[in-house]
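**Student:** What follows is each chain in one-letter form.
2 protein chains.
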Amino acid sequence: MGNSKDDSKQRKAEREALREELLETQFELRSLEHGSVLVLISGNDFAGKAEVIHSFYEWLDNRYLNTRAFGMPKGVDKRMPRMWRYWRTLPPAGELGFYLGSWYHQPLMKLSRGQISINRFTAQMQDILHFERLLNDEGIILVKIWLHLTDDERGTRQRVDPSLLKQTVAMREWGDFSAADYEKVREGARLMTELTSTNESPWIRVPATDPHLRDQRIGQIVLEAMRQRINTPPVPRPVYGWQPAQRDYLAQLDYSQKLPKDEYQQQLLHWQNRLRDLMQHPRFARRSLMLVFEGSDAAGKGGAIRRITQCLDPRILRVHGTRAPSDEERRMPYLWRFWRRIPADGNVVVFDRSYYGRVLVERVEGFCAESEWQRAYGEINEFEQQLTENGTLLIKFWLAITEEEQLKRFKEREASPVKRYKLTEEDWRNRKRWPDYVEALNDMVEHTSTRSAPWHLIPAEDKRHARIQTLRILCEALEEALE
Amino acid sequence: MGNSKDDSKQRKAEREALREELLETQFELRSLEHGSVLVLISGNDFAGKAEVIHSFYEWLDNRYLNTRAFGMPKGVDKRMPRMWRYWRTLPPAGELGFYLGSWYHQPLMKLSRGQISINRFTAQMQDILHFERLLNDEGIILVKIWLHLTDDERGTRQRVDPSLLKQTVAMREWGDFSAADYEKVREGARLMTELTSTNESPWIRVPATDPHLRDQRIGQIVLEAMRQRINTPPVPRPVYGWQPAQRDYLAQLDYSQKLPKDEYQQQLLHWQNRLRDLMQHPRFARRSLMLVFEGSDAAGKGGAIRRITQCLDPRILRVHGTRAPSDEERRMPYLWRFWRRIPADGNVVVFDRSYYGRVLVERVEGFCAESEWQRAYGEINEFEQQLTENGTLLIKFWLAITEEEQLKRFKEREASPVKRYKLTEEDWRNRKRWPDYVEALNDMVEHTSTRSAPWHLIPAEDKRHARIQTLRILCEALEEALE
Chain A
86 MGNSKDDSKQ RKAEREALRE ELLETQFELR SLEHGSVLVL ISGNDFAGKA
136 EVIHSFYEWL DNRYLNTRAF GMPKGVDKRM PRMWRYWRTL PPAGELGFYL
186 GSWYHQPLMK LSRGQISINR FTAQMQDILH FERLLNDEGI ILVKIWLHLT
236 DDERGTRQRV DPSLLKQTVA MREWGDFSAA DYEKVREGAR LMTELTSTNE
286 SPWIRVPATD PHLRDQRIGQ IVLEAMRQRI NTPPVPRPVY GWQPAQRDYL
336 AQLDYSQKLP KDEYQQQLLH WQNRLRDLMQ HPRFARRSLM LVFEGSDAAG
386 KGGAIRRITQ CLDPRILRVH GTRAPSDEER RMPYLWRFWR RIPADGNVVV
436 FDRSYYGRVL VERVEGFCAE SEWQRAYGEI NEFEQQLTEN GTLLIKFWLA
486 ITEEEQLKRF KEREASPVKR YKLTEEDWRN RKRWPDYVEA LNDMVEHTST
536 RSAPWHLIPA EDKRHARIQT LRILCEALEE ALE
Chain B
86 MGNSKDDSKQ RKAEREALRE ELLETQFELR SLEHGSVLVL ISGNDFAGKA
136 EVIHSFYEWL DNRYLNTRAF GMPKGVDKRM PRMWRYWRTL PPAGELGFYL
186 GSWYHQPLMK LSRGQISINR FTAQMQDILH FERLLNDEGI ILVKIWLHLT
236 DDERGTRQRV DPSLLKQTVA MREWGDFSAA DYEKVREGAR LMTELTSTNE
286 SPWIRVPATD PHLRDQRIGQ IVLEAMRQRI NTPPVPRPVY GWQPAQRDYL
336 AQLDYSQKLP KDEYQQQLLH WQNRLRDLMQ HPRFARRSLM LVFEGSDAAG
386 KGGAIRRITQ CLDPRILRVH GTRAPSDEER RMPYLWRFWR RIPADGNVVV
436 FDRSYYGRVL VERVEGFCAE SEWQRAYGEI NEFEQQLTEN GTLLIKFWLA
486 ITEEEQLKRF KEREASPVKR YKLTEEDWRN RKRWPDYVEA LNDMVEHTST
536 RSAPWHLIPA EDKRHARIQT LRILCEALEE ALE
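Protein sequence lines, in the order shown, are assigned to chains A and B. If you read the first sequence in our numbering, its first letter stands for residue 86, the second for the next number, and so on. If you read the second sequence in our numbering, its first letter stands for residue 86, the second for the next number, and so on.
Honestly, the hints are just simulated from the structure, not real lab data. Computed from a prediction, not measured in an experiment: that's the story for all the values here. Be aware that a few hints might be false.
Copies of one chain are not kept apart here, so a pair can be met inside one copy or by any two copies together.
Listed below are the simulated DSBU-like cross-link pairs for lysine-lysine, each with C-alpha atoms no more than 30 Å apart in a straight line [unchecked claim]: (1) K504 <-> K94; (2) K97 <-> K496; (3) K159 <-> K90; (4) K493 <-> K163; (5) K159 <-> K507; (6) K97 <-> K493.
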């Protein structure tokens, strides 16, 4: 009796001491402009996942906790790429995130139910590893906790203590599983932790039998993670084996192609009508379209885009000019601001410049570290792969002009009231780096021209020719995708 | 023949001249950090609403055009307050917005179909006028255009020129209406334009027979609107007849109430269990809960909030600390950042400080103009009314402590490692303005304590007492709302 009272006193003191440290460290963490801590809480039902979160809500400043719980996807989450909902809700720099039922939940659930094969599961774990490496590279410390109860303990909790269950918030994400089902979940979890325990983010198994010890342990882990982020700012991971392009793609273009005005008018009418028809195709309602326009300054991106948007219903269209990130965007991983702009089913998004800025202007101008642009190729490929696998038709255009043509257009712009605003000091500066851009462009084409999202290099010396080419390629791709 | 060719040449020249002016003015507009132009395009089917938008997409820099089209609400739009979807999509400062099927569409549709009475329609028009006045006060120039076709013209277009329809994007938002139905729409539109043509935003009727003249006219109107915004920065509208509070609400509070520890523990258990039960109520799935906590510094908001959030499922909970607006938020009307955080069905949002900052800290510290905080009371009431009418249970707490108690707590905070971070220079500064805050508080209570969202002033000299009071009020309000 006396012992138990001492115990309780000691526990209270321990809890209070931890709380002080956590709260102070959370406060320090908030000053970071880069980097955050994301904690995945997984594990058996009845192991107290919700109680763990409640402890943190009791300990920490609630305003900088980002708790998200993910069940099986519903509504729009179901129709967007698998990782979209996780991307959207990442914690901003300086804050803490807690995910209940993270990206592991769905694959594990499906494996346990026999809905996917081990091979498919393993492939999904690989995708997850790539995603987690990206988070790590972006300065997010990922803590993966598996709350562990033995079978007996689970049984006891489930049978004996209904009042406890009532007091807690039910987190029965596994539904009403039988003992045999649980065995399957456990097997799956074992495989999962084996496949996805990395140096940076190992799975940490926390015994959940004693709620006090459980919360103290997790509190310590989160504390250490925050301290690590505060004391060791994220260091760019060097990219091994990155190879510059072996070909000069631009040099192979035929810039001499031209389209006379009459023929242009005729073709424009033809392809625009074709595009209007295709956009009415009933199958488009279940697909989406994302167009990426890149090109040298004054290559005619805006004009080519307008010839396309003229044919599109403004209700389903967004044109995004990629500008400097907002302060909310700056506190998020690089690709976040593009993830938030991807098209929903039946919609069209046009990027007038895009996430490729990372490997073009940011690389050339030195706005990001070498390792950042070098790893961007792979990250972009994975981003695009998720989009195309989910039914987005992704078409990427590079409008190419020669250095001489650009100079001619700059001079014309200076003289034209309509176009003057388009020309800035920066454009003249960029021009001086022409060879660097050519190099960056060739690397981009080499590393990101994939089968499902190849680059289309369009000679744009003649604007009419370029406009018809983009329209034609778009129509043909839509036709193939829809018919 | 020769004449028609000259005409066509002249039209082309006119179009080009307008385009130059529009593009230059759009470029100037972009430099504004405050204010934008929002154009509502309404009117008959076949009057060319989509073509008008296409003209602007052809003329202007697409990246700063925000086109939205609203049909009858579906999905989440249907479950959120009526104006939510319009709030969310307002154009940022310096940009242009085009709304097709704006907030007028649904009431007009319903009136024409006989689904709402004239009285109800008129009341909705009043709500709209309030909303438009707010937009105007926030520096958004609202241009309301009604595209007009006579019956004959409509008939002709519909019957005779299917190729034209095919070339355009169908915008048949009115569905397949008969002539009699159209007559009803026209009657409703007449009433609508009468009721909602204001000095700041009159309805402008534009003949839509000739597409060239139609687009030229609208282009001119938009040009003038942009110029007006650029040349005359928004001037705060003085608020007439604003009256300070007639009572001292704080003085009436009994600060002596106390709760001994034993009783507190017992009551805490009781009310927290009650709250957990209530949150499981099946009817809550169709309602939502928004809690607003305000109070002097160190009044114990965080502690009271934690006693509540402990009982809530983290999956349906968000706690927002109201911080300085982000740069995206700064380019939007004041209430935008709160509209984007309102709870969806079945969810709980807690504001640890809120939009009331406008009439508290911003007023006292002079962060906004007198007219801004004076008009905020009415805007907040309308915001809250829309929430409560839509089924959100909104509960507002002011935690009140005396000046002496605050000083005591500040000193305790200085000494405590867990609480030290909570105390800033600003807190000491605020303290010096105690009488100003009392005045602001009384005005706030007087002007925003409405029947559906009254203020609860909680004496918080004793934290235990305050925590139990907030829990009890919350439980009782939930009980009344759900049972």
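**Student:** Could you run down the list of hints and mark each one as holding or not?
**Tutor:** To see whether the hints hold, each was checked on the structure:
no.: 1; hint: K504 <-> K94; in the structure: between (75 Å within a copy, 22 Å between copies)
no.: 2; hint: K97 <-> K496; in the structure: between (75 Å within a copy, 24 Å between copies)
no.: 3; hint: K159 <-> K90; in the structure: neither (48 Å within a copy, 58 Å between copies)
no.: 4; hint: K493 <-> K163; in the structure: neither (49 Å within a copy, 53 Å between copies)
no.: 5; hint: K159 <-> K507; in the structure: neither (44 Å within a copy, 40 Å between copies)
no.: 6; hint: K97 <-> K493; in the structure: between (76 Å within a copy, 25 Å between copies)
Consistency with the previously given hints fails for numbers 3, 4, 5, ordered from lowest to highest.
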